[in-house]
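Number of protein chains: 4
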Amino acid sequence: METSFNIPNLGKPEIKSPLNLSTVKGDKIFNFVEDEESLVYDLSLKEYERCLNTGSDPLCLEVAGPRESIFFNPEETSAAIVTCGGLCPGINNVIRGTVMALYYFYKVRKIYGIPFGFEGLNPEKGHEFRVLNPDEVKEIHQFGGTVLGSSRGAQSVEVMVDTLVEKKIDILFAIGGDGTLKGANAIATEINKRGLKIAVVGIPKTIDNDIDLIDKSFGFETAFDIASPILRDAHNEATGANKGVAIVKLMGRDSGFIAASAALAMPVVNFVLVPEMNFELYGEGGFLEVLDQRLKNKGHAVIVVAEGAGQHLFEQKEKVKDASGNIQHQDIGILLKDVINKEFKGELGGVKYIDPSYIIRSAPANSSDSIYCSRLAYHAVHGAMAGKTMFVAGERNGRFVYLPIDAVTQKRKKINLEGEFWFSVLQSTGQPFQMP
Amino acid sequence: METSFNIPNLGKPEIKSPLNLSTVKGDKIFNFVEDEESLVYDLSLKEYERCLNTGSDPLCLEVAGPRESIFFNPEETSAAIVTCGGLCPGINNVIRGTVMALYYFYKVRKIYGIPFGFEGLNPEKGHEFRVLNPDEVKEIHQFGGTVLGSSRGAQSVEVMVDTLVEKKIDILFAIGGDGTLKGANAIATEINKRGLKIAVVGIPKTIDNDIDLIDKSFGFETAFDIASPILRDAHNEATGANKGVAIVKLMGRDSGFIAASAALAMPVVNFVLVPEMNFELYGEGGFLEVLDQRLKNKGHAVIVVAEGAGQHLFEQKEKVKDASGNIQHQDIGILLKDVINKEFKGELGGVKYIDPSYIIRSAPANSSDSIYCSRLAYHAVHGAMAGKTMFVAGERNGRFVYLPIDAVTQKRKKINLEGEFWFSVLQSTGQPFQMP
Amino acid sequence: METSFNIPNLGKPEIKSPLNLSTVKGDKIFNFVEDEESLVYDLSLKEYERCLNTGSDPLCLEVAGPRESIFFNPEETSAAIVTCGGLCPGINNVIRGTVMALYYFYKVRKIYGIPFGFEGLNPEKGHEFRVLNPDEVKEIHQFGGTVLGSSRGAQSVEVMVDTLVEKKIDILFAIGGDGTLKGANAIATEINKRGLKIAVVGIPKTIDNDIDLIDKSFGFETAFDIASPILRDAHNEATGANKGVAIVKLMGRDSGFIAASAALAMPVVNFVLVPEMNFELYGEGGFLEVLDQRLKNKGHAVIVVAEGAGQHLFEQKEKVKDASGNIQHQDIGILLKDVINKEFKGELGGVKYIDPSYIIRSAPANSSDSIYCSRLAYHAVHGAMAGKTMFVAGERNGRFVYLPIDAVTQKRKKINLEGEFWFSVLQSTGQPFQMP
Amino acid sequence: METSFNIPNLGKPEIKSPLNLSTVKGDKIFNFVEDEESLVYDLSLKEYERCLNTGSDPLCLEVAGPRESIFFNPEETSAAIVTCGGLCPGINNVIRGTVMALYYFYKVRKIYGIPFGFEGLNPEKGHEFRVLNPDEVKEIHQFGGTVLGSSRGAQSVEVMVDTLVEKKIDILFAIGGDGTLKGANAIATEINKRGLKIAVVGIPKTIDNDIDLIDKSFGFETAFDIASPILRDAHNEATGANKGVAIVKLMGRDSGFIAASAALAMPVVNFVLVPEMNFELYGEGGFLEVLDQRLKNKGHAVIVVAEGAGQHLFEQKEKVKDASGNIQHQDIGILLKDVINKEFKGELGGVKYIDPSYIIRSAPANSSDSIYCSRLAYHAVHGAMAGKTMFVAGERNGRFVYLPIDAVTQKRKKINLEGEFWFSVLQSTGQPFQMP
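Chains as they are written, first to last, in full-length UniProt numbering: chain A, 1 to 436; chain B, 1 to 436; chain C, 1 to 436; chain D, 1 to 436.
Wrong hints could be hidden among the right ones.
Note that identical chains are pooled: a pair holds if it fits in a single copy or bridges any two copies.
Claimed, not checked - 27 Å max Cα-Cα, derived DSS-like pairs, lysine-lysine:
1. Lys411 with Lys107
2. Lys107 with Lys296
3. Lys182 with Lys414
4. Lys167 with Lys107
5. Lys168 with Lys16
6. Lys411 with Lys168
7. Lys16 with Lys46
8. Lys125 with Lys28
9. Lys413 with Lys25
10. Lys413 with Lys168
11. Lys138 with Lys298
12. Lys12 with Lys411
Keep in mind that the hints were calculated from the coordinates and are not lab data.
Build the full structure now, drawing on both the sequences and the hints.
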């Protein structure tokens, strides 16, 4: 039976792994993972019955972990790590884990950090590769940011592959979001075209938690953990005034996981607005009406809005102009602040607007993320040493698996408005299940 | 097709739920959960194929959530909450969530807090039930401990059921560990024997995370989150002296999840000792030998030990007496401190022993646990209102499910020494895979 | 010898204090404070010599604390607390301390909270006084904000005094900043004019720490304590990009104490810009030139700017328009961001702008402030019960003293650019001692 | 006029300071400090008048800060830093500040770290000096502990001076407590005896805050800041049980500043026991009686005890044996726990004993301490470069001053039981002013 989320391999792994693991169950020592140890993707009994009735194979996921035979000879292997895009808690933890796993588990001694994202693979930019080893990285998990530096935007795929070849890199670990993963895939495709044996591994990084098929991305738990006391204090701002309103804008360009989770974690929030939902400001059942009701009943309101929410409000230029008189705004937080200030003119004790985005994304990883980052990094290294390529490591249904990069970049993960998670958010805030 | 983890029901739910949910997919409103929406318990392809091949039904789990028809008429329903056993972060969050769900979702108006655990159900103890409502509980999620008070130990089951009857309680929510859940089951059995219609719901509370079948218990993430900076600083104690050793004892009577997770979260730990593993102090490959090696190579060591680890060392009384000269010790942390002090007499820069247990268990829940507690409480309420009894709410494979109390109290969950989690701990600490 | 900072008194205190204190030194029990226990205001030897040579009396401060004879009969006394202006960490601690001191030390039983600032003294606003007692306030020290609510702006002094009279208030505690203290003085003046015996006590509240003559105001230590990790993470933003710049705007309308203290507490800051200093953006030695130098040498820069800094840059409208093309900006943080973006166009890895003001001011008090708030409140109560009026309690040269309200509202405290504190900031940042 | 706390000098400072400071008031640039800028030591009007009346000179303190003429030629100067005794938050901050000040202000290039305390000055121990520079220390302020390592106990003064001579050290910065400062003075005395020109500077380090004459020592504010939430949670332990008692032992061998401050910062504490006070356990008005009263009235109690409190109870061996049956105990926390358990046998919901000492002392400095450490270090360097020796830098009456080492080591600072600070603690806890 073949797995459905197939991971490409650079070739047959024929080198004995230097890891001193077991192949026997019951000896209390971890066993090498076999490629056949798949997990079903869909847990519903309905899907099982479909398979049973139709005789079809269930969609399966490849279990992550160390393989008994590996592709790369550790002594000769050279690995490089690149971090791209915006900051996210945990990047340094992933760098640290990757270096530690390469160095201590597989005895790889040539490990490099590529400075400032994909820019660092473009010789024109003049950045030097940085030598990495345990001494260099042993304390970086305590710091936010990325010790390698980052950058946004694309570089020529050919130029980047040229650099990898020139630097004799065998494995490229690319830590980044959707764009970075697509870039990594393009690099791997070019590598493949040239018939090279360079593994390209993606480690999905998105503070928004919107990488598809994966339970959570690293940094996400830290994000709502840091947002949580900010909401607690926003509540102080709202209640500290007569008819006070506090608006907190949180990250979430296409999906509202941070906003929703933070609101659930700190249950003083009265409204969560996310990109997945429709809502109108005006009219019957519109946001302003329910807010008015809330202020009349309770005397204050705390609103959490994801940065990508309500973008349709900016397209209706006439309306928005009416409301805020300021059509150039593309910031939903500021739009809300302006609209509320205008609509409730003189009635409110103030509208406090808080945008903590940079504070959140540059913070060090919390404990959960720290654990997740180490394990992600270890699994990425195990997969890479086995010669797997064009894959990401991630958690699905609570287990670490490998997934093809192109499987997770097809579309972004979104909150299921009919799912249990969003329902728990609605239960917590008490906001209407739907606004028109 | 019947689920295998069957939840008993007090009777047919025939009352229309007051929740304004949908029964139509695609309208972006949460749908009532149907009892048939089961999930397979075992994700491995191997098990799936076994079922497909043999035509046997896979073991399934009942999905948690609100049912369209409920058993209890909210207007007449009376619910009580009891918290038992030691403190654990998140108890107040669960109390709050339960009260909020009863009050706002189902409009239940008679909600009571039972003071000081099962003692509060024994009239001889003289504790009065406490009236609970949203105003009483709205801010308690910010505090550790339990606002209801707790106690340990058993009370007469008959007396407790008498009290429930006298107080006209329809639903009992029991928040507690293994013993409490068994007690709750005994209460439910007595209720059943008397032919009463009182639902008994367990909400598993164990900071050790050792309730079987459940991904995690509430408070556990907070536990290692709080332990994490303590380990960071224990490292300062170890490195602040020439050949310094720091020992941190963490909770974990039968399983070492907190010790292992904290060590993974703060990767400055060199040895984790858990109840699941065997290890000897003396002899070749024994702990003292590997510690000696570590001190010679690196000049310091940080040891994390779960309270239940190494209990076999106390049975070998002769040996222990030799080692520590203090046979009455049953505390593995103090034993280790004494043995190390004795064995390395004069060579060490000090052995610092840290026992932060009370500091950890009395802290407020962190964000992850806060979310988990709210959702757990909501699901417990939904199940109870539907007339389910003798069940717990919990997360399994990342989904909220209901499980029979007696299924989760058969045995305690332990770290799988051959599993990926323990392997990642070993990778992080660098300690030997096995000690003799 | 008479004190120079005289505190008015409502009349001769003739009632024996209910406090069970001592009047004997050496019995290890606190002694009542005598009005004569003054402290010299100026510690310099130079001032001593001036007094010696000229025979003049040194300027003195009245020591705060309980008096043996008090003015108000506790049994009949009624006290009210009002909180005005913006939030500041510690307000609830001061409310709590005041209630506790009135209730437990003096057995005052009529204690009221005035809702929403001076608005609450205007019957037209329709706010009801709130009854305060230990049960109501015992846990509020753990929360930011003000449980009484606040408001800005003036109310009619006559109306407010009418309300105090109607509500039979004997002591008014006004927690607020410069404007509030002036308002309190106006109320006291009107009270005096009417020949009433109502004590008016100010408790200076300014997160900016700019109340004159007082070592520090409550909330200030919390402010830079919370700002400190934000600066740490801003540093991650700056170093996470090639030639990255992070700008953090901190509170400080007229004085830069928070910005300077936070920069000193988290020594990753390269430039601190405060209202007290002059600086130009352009030209030789101007800020942009030194920033350019820094970026060339070090590759990144962290800038902390107090909100009131550089306001002269807005008056030179032509210049500013040239620079940012956006003359309506009055926000120095945004001005800096725009100017830097424009001047270094394309050369920078990004300019990250962070404004955490609401996050800081709405937070709970840290430990130092918590201690300070309790002691402040106790002293305010002791002074009020003794019949003192038109005074504030505060710390000066490390001792708690009473000062006349009009002495501390003459002008705002500012950073002494020739003083040791500012010098230590310059030493820490390495920025030029002066910019043109 | 001569200062009374005279600081010895190695010789006339004749080298022009490289600091680009001003000597003109009013130019908004910090001025060099002149040795004559003294401050009176005693602020009381009484003392001031005594001096004025008798014409005697007031006792004065030398103002800390950079001098226009310095003694050491920076280019040739070599400085070494040693850290001794137990950990304390802020040691790394002081190391960092010292290195930064030497390197950047004075351009001293030969800076060494002495490993493992005074041991590092004993060649027999085999520790190598460590080269320090800004790159080595720039991030250490974020970590607790000491990057140099520490040790306890004395080394031969002659040997240590031999090492300083051999290593050509010109300035020794000794960061440590009472014993270390006395050791530093002994080293300086030996240096003087040999006619050497080596400056010895003490930076007082005592988490107990018991260095005489100095407002506070670094690490102390962090200590009660970290203790504060531990007390909050101890309160949860006490209230989480029926008649629950929580005992927290905090540092304070000879003085109770940490215990008292933490209790004041987190006002949930009912009893503070410090070394300065007398109290008996038994008999009328004894601690057990007042505790019993408290438990009857309120149902729980939180006790904070300084480690040095109640030591007299151990001398009365008979009595203690009666009480606890365990005379070998010298730990007041455990004594209290045992006595309370015995006296209230069966009546209590548990006595929880918490000893967080290592957790507190190994933590990183909080913001206030971070500021204090930098300024202390800067002042130590300024004094040393000016050729001052046998002095400490510290804050007194809110100003940084230099004091002779032997002035601050005469006796330990203690809480004044008749002073305002202790009175505020008593007011906060509500405990009796005196126990027999």
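**OP:** State the violated hints by number, sorted upward, taking the hints as numbered earlier in the document.
**Re:** 1, 6, 8, 10, 12
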